[in-house]
Each structure stands twice: as C-alpha cells, then as structure tokens.
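Undergrad: Sequence:
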Amino acid sequence: MNYLAIDVGLKRIGLAYSPDGKIVTPLPAILRKNRNQAANELKDVIIKWNIGKLVVGIPYGGSSEEEMTRRIKHFLSLVDYTKEVVFEDESGSSVEAKELLKGEMRTVKDGRIDSIAAMIILKRHLKVI
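To convert, note that position 60 of the sequence shown is 132 in this note's numbering; the numbers rise steadily by one, no gaps.
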C-alpha cells in the first residue's frame, strides 16, 4: 500500500511518501496560494502516487488544537479523498525537522522543513525508526 503524509500549514503543505510502510521519503511541498489550488495539487499527488492511505498531522494538545483541526478537516473535504484517512499527532515534528536540517539551510521557506515534518509524522504512524 502507498502512504502519503501531509503536514497542513497556512502557507505550505508538507508531503511525505512511503511505497511499502518501511521506507519514507519527503516529497516537494505544496506552496499554498489558496485552498482550492492547494486541494487540487494534493489531489494530483494522490492520483500520481496511487495513494491508498492518507496520514494527516493534527496538532494535539496545543491552545489552537480545535481551530487547526477544524481547518484541516475542512481542507480535506475539498480534496474529497475516499480511501482511508488517519490522524497522527504532529506535536514537535516541525522542531524536529529543523533540527535534522540544522546547518544545511538558512531561512529558505520553500517547504523542505514542512515535508521533513510530514516524513516524521509518517514515520511515527508507521513506527519506522
């Protein structure tokens, strides 16, 4: 089964892919201009990679948990994905991604950190070290 993890942000959507549940790799992030454009680009990725399961990062435990969860679920409704969707705690994934890339990047906001965060979310879900 092909897995896709998404780390939904207001400006970028990080993506990570696994073809088998063992190997996880980041994909180029979606740079978000508006909801519909981002949803359409995500649909294209889902079709291109024949995704069987979508793993979505949700910020559990923070003060904005309820608002972000509502926004993420609304965004997913625009994607209209009909296969399995699971939610995974994304807490600390962006901080961990920045640590992994420390020294390799300056303040480039091209989505690499977001996709590394999505990779971390997918690894947590798959329990891949």
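Rather than coming from a laboratory, the hints here were simulated on the basis of the structure.
Treat the hints with caution; some may be incorrect.
[Stated by the list, open to error] Mimicking DSSO-like on lysine-lysine, the simulated pairs with C-alpha atoms at most 27 Å apart in a straight line are:
#  : residue 1 : residue 2
1  : Lys145    : Lys199
2  : Lys115    : Lys174
3  : Lys120    : Lys174
4  : Lys155    : Lys83
5  : Lys170    : Lys94
6  : Lys145    : Lys174
7  : Lys120    : Lys195
8  : Lys174    : Lys155
9  : Lys115    : Lys83
10 : Lys155    : Lys199
11 : Lys145    : Lys155
12 : Lys120    : Lys199
13 : Lys145    : Lys170
14 : Lys155    : Lys105
15 : Lys181    : Lys155
16 : Lys155    : Lys170
17 : Lys105    : Lys181
18 : Lys174    : Lys83
19 : Lys155    : Lys94
20 : Lys83     : Lys105
21 : Lys199    : Lys170
22 : Lys83     : Lys181
23 : Lys94     : Lys199
24 : Lys115    : Lys181
25 : Lys83     : Lys170
26 : Lys181    : Lys145
27 : Lys199    : Lys105
28 : Lys83     : Lys120
29 : Lys120    : Lys105
30 : Lys83     : Lys195
31 : Lys94     : Lys120
32 : Lys195    : Lys170
33 : Lys120    : Lys145
34 : Lys195    : Lys115
35 : Lys105    : Lys125
36 : Lys174    : Lys125
37 : Lys181    : Lys195
38 : Lys83     : Lys145
As the structure is a computational prediction, the values presented were derived from the model and not from experiment.
Undergrad: Take the hints in turn and mark each one as holding or not.
TA: Checked hints:
1. Lys145 with Lys199: holds (24 Å)
2. Lys115 with Lys174: Roughly 31 Å between the alpha carbons, so the hint for Lys115 and Lys174 is violated.
3. Lys120 with Lys174: Distance ~31 Å between Lys120 and Lys174 Cα, so the pair is violated.
4. Lys155 with Lys83: Given pair Lys155, Lys83 holds - Cα atoms ~26 Å apart, limit 27 Å.
5. Lys170 with Lys94: Holds, at roughly 23 Å.
6. Lys145 with Lys174: This hinted pair is violated, its Cα atoms lying about 31 Å apart.
7. Lys120 with Lys195: holds (21 Å)
8. Lys174 with Lys155: Violated - the C-alpha atoms of Lys155 and Lys174 are around 36 Å apart, more than 27 Å.
9. Lys115 with Lys83: Status holds; Cα separation ~17 Å.
10. Lys155 with Lys199: holds (21 Å)
11. Lys145 with Lys155: holds (15 Å)
12. Lys120 with Lys199: With Cα atoms ~25 Å apart, Lys120 and Lys199 stay inside 27 Å; holds.
13. Lys145 with Lys170: holds (26 Å)
14. Lys155 with Lys105: OK: Lys155 and Lys105 at ~26 Å, within 27 Å.
15. Lys181 with Lys155: violated (31 Å)
16. Lys155 with Lys170: Status violated; Cα separation ~31 Å.
17. Lys105 with Lys181: holds (14 Å)
18. Lys174 with Lys83: This hinted pair holds, its Cα atoms lying about 21 Å apart.
19. Lys155 with Lys94: holds (20 Å)
20. Lys83 with Lys105: holds (7 Å)
21. Lys199 with Lys170: Satisfied, since the Cα-Cα distance of roughly 21 Å is no more than 27 Å.
22. Lys83 with Lys181: Distance ~9 Å between Lys83 and Lys181 Cα, so the pair holds.
23. Lys94 with Lys199: holds (9 Å)
24. Lys115 with Lys181: holds (23 Å)
25. Lys83 with Lys170: holds (17 Å)
26. Lys181 with Lys145: holds (24 Å)
27. Lys199 with Lys105: Answer violated: Lys199 to Lys105 is near 33 Å, above 27 Å.
28. Lys83 with Lys120: Judged against 27 Å, a Cα distance of about 23 Å means the pair holds.
29. Lys120 with Lys105: holds (21 Å)
30. Lys83 with Lys195: Holds. Lys83 to Lys195 sits at ~23 Å (cutoff 27 Å).
31. Lys94 with Lys120: Measuring from Cα to Cα gives roughly 20 Å; hence the hint holds.
32. Lys195 with Lys170: It holds: about 16 Å lies between the C-alpha atoms, which stays within 27 Å.
33. Lys120 with Lys145: With Cα atoms ~22 Å apart, Lys120 and Lys145 stay inside 27 Å; holds.
34. Lys195 with Lys115: holds (22 Å)
35. Lys105 with Lys125: With Cα atoms ~25 Å apart, Lys105 and Lys125 stay inside 27 Å; holds.
36. Lys174 with Lys125: violated (30 Å)
37. Lys181 with Lys195: Holds - the C-alpha atoms of Lys195 and Lys181 are around 23 Å apart, at most 27 Å.
38. Lys83 with Lys145: holds (16 Å)
Going through the hint list in order, the structure does not satisfy hints 2, 3, 6, 8, 15, 16, 27, 36.
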